[in-house]
Amino acid sequence: MIIFQEFKETKAILDEVLERVNEIDYRKNQKQQLLKTKNSTTTTTINNIQHDVGPPPDDYRQLPIVPGVTEILSEQRTYLRRNIVDGVYNDPEHYLDVSIN
Amino acid sequence: MLTKLLDKTSDHILAEMLLPHFQLKTFLNDQRMRNRYDWILAMTKLLEKIIKCDGSRERIVMILEQLPNTSYLEGVYDEVRKTHPITDQLRFDFIQLFLKVSNTFLAIIPHSADDLTKIFERIELLFTKVKSESDVRIINMIIFCLII
Numbered sequence: 001m002i003i004f005q006e007f008k009e010t011k012a013i014l015d016e017v018l019e020r021v022n023e024i025d026y027r028k029n030q031k032q033q034l035l036k037t038k039n040s041t042t043t044t045t046i047n048n049i050q051h052d053v054g055p056p057p058d059d060y061r062q063l064p065i066v067p068g069v070t071e072i073l074s075e076q077r078t079y080l081r082r083n084i085v086d087g088v089y090n091d092p093e094h095y096l097d098v099s100i101n
Numbered sequence: 001m002l003t004k005l006l007d008k009t010s011d012h013i014l015a016e017m018l019l020p021h022f023q024l025k026t027f028l029n030d031q032r033m034r035n036r037y038d039w040i041l042a043m044t045k046l047l048e049k050i051i052k053c054d055g056s057r058e059r060i061v062m063i064l065e066q067l068p069n070t071s072y073l074e075g076v077y078d079e080v081r082k083t084h085p086i087t088d089q090l091r092f093d094f095i096q097l098f099l100k101v102s103n104t105f106l107a108i109i110p111h112s113a114d115d116l117t118k119i120f121e122r123i124e125l126l127f128t129k130v131k132s133e134s135d136v137r138i139i140n141m142i143i144f145c146l147i148i
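In order, the protein sequence lines correspond to chains A and B. All letters in the first sequence, in the order written, are residues 1 to 101 by this note's numbering. All letters in the second sequence, in the order written, are residues 1 to 148 by this note's numbering.
The hints are simulated quantities; they were obtained by calculation from the structure and are not laboratory data. Since no wrong hints were added, every one of them can be taken at face value.
Here are the simulated BS3-like cross-link-like pairs (lysine-lysine), alpha carbons at most 25 angstroms apart as the crow flies: (1) B:K82 x B:K131; (2) B:K100 x B:K131; (3) A:K11 x B:K129; (4) B:K129 x A:K8; (5) A:K28 x B:K118; (6) B:K129 x B:K82; (7) A:K8 x B:K100.
Label-pair ranges, simulated between beta-carbon atoms: (8) B:C145 x A:E23: 36 to 46 angstroms; (9) B:D78 x A:E23: 26 to 36 angstroms; (10) B:K129 x A:K28: 24 to 34 angstroms; (11) A:Q33 x B:A107: 15 to 25 angstroms; (12) B:D115 x A:S74: 49 to 59 angstroms.
Pulled from the structure, derived: some chain B residues nowhere near chain A, Cβ distances all over 10 angstroms: (13) L5; (14) H12; (15) H21; (16) T26; (17) D38; (18) K45; (19) R57; (20) E58; (21) V61; (22) E65; (23) E74; (24) R81; (25) M141.
Beta carbons are placed, not taken as given, at the ideal position from N, Cα and C, and that holds for glycine.
The whole structure should be built from the sequences, with the hints applied where relevant.
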């Protein structure tokens, strides 16, 4: 009977410990999922940037220097000019367009 | 040295274990901590005492964070499945002490829980076995009573 009581008491502590372990595992999994999502978002952004090829859709001279509310709240992705790290610009117009944007 | 400390107060044990000359890491990795139950039990008792020190969280962490990857934990892993030589039952008192230490360990340093998990799994398995054995014993007793 004493042994059964000891068993019951120890089992209660074990359950508490196992619950704590499960909580830790759950938090660890959540963190990993969050990191995975974050990484995939970063990759998508990089891919999108890399897809910005071809001539820009707008004239840099017409773009406002200070972004307006409409632009900030707009969910439309901005066309990002590809920077030229190694190579030459097509013409002065191309150079100004990339530098200003 | 370990057994001498057992009679001291929790605060005294904590202070003593943190002293450089105590060499806790050496104790935790001593081969006897892997093979000898008296050593493992003494260390578990000391750890169980120090976790009771109120307001010494940081100092408790300094001790508990030394536990992973030690001979002590390997020794505990082996000892939890062994039975008491007289009662032939699992040593519940020892398991209980270790679980109390683990509970505090998990609360304070949850990121180092991996080393303890296999011990918990073993205890859980052993307890499931004990539970089913005791269920069988109860059923046998009921049958015996019914026959009489």
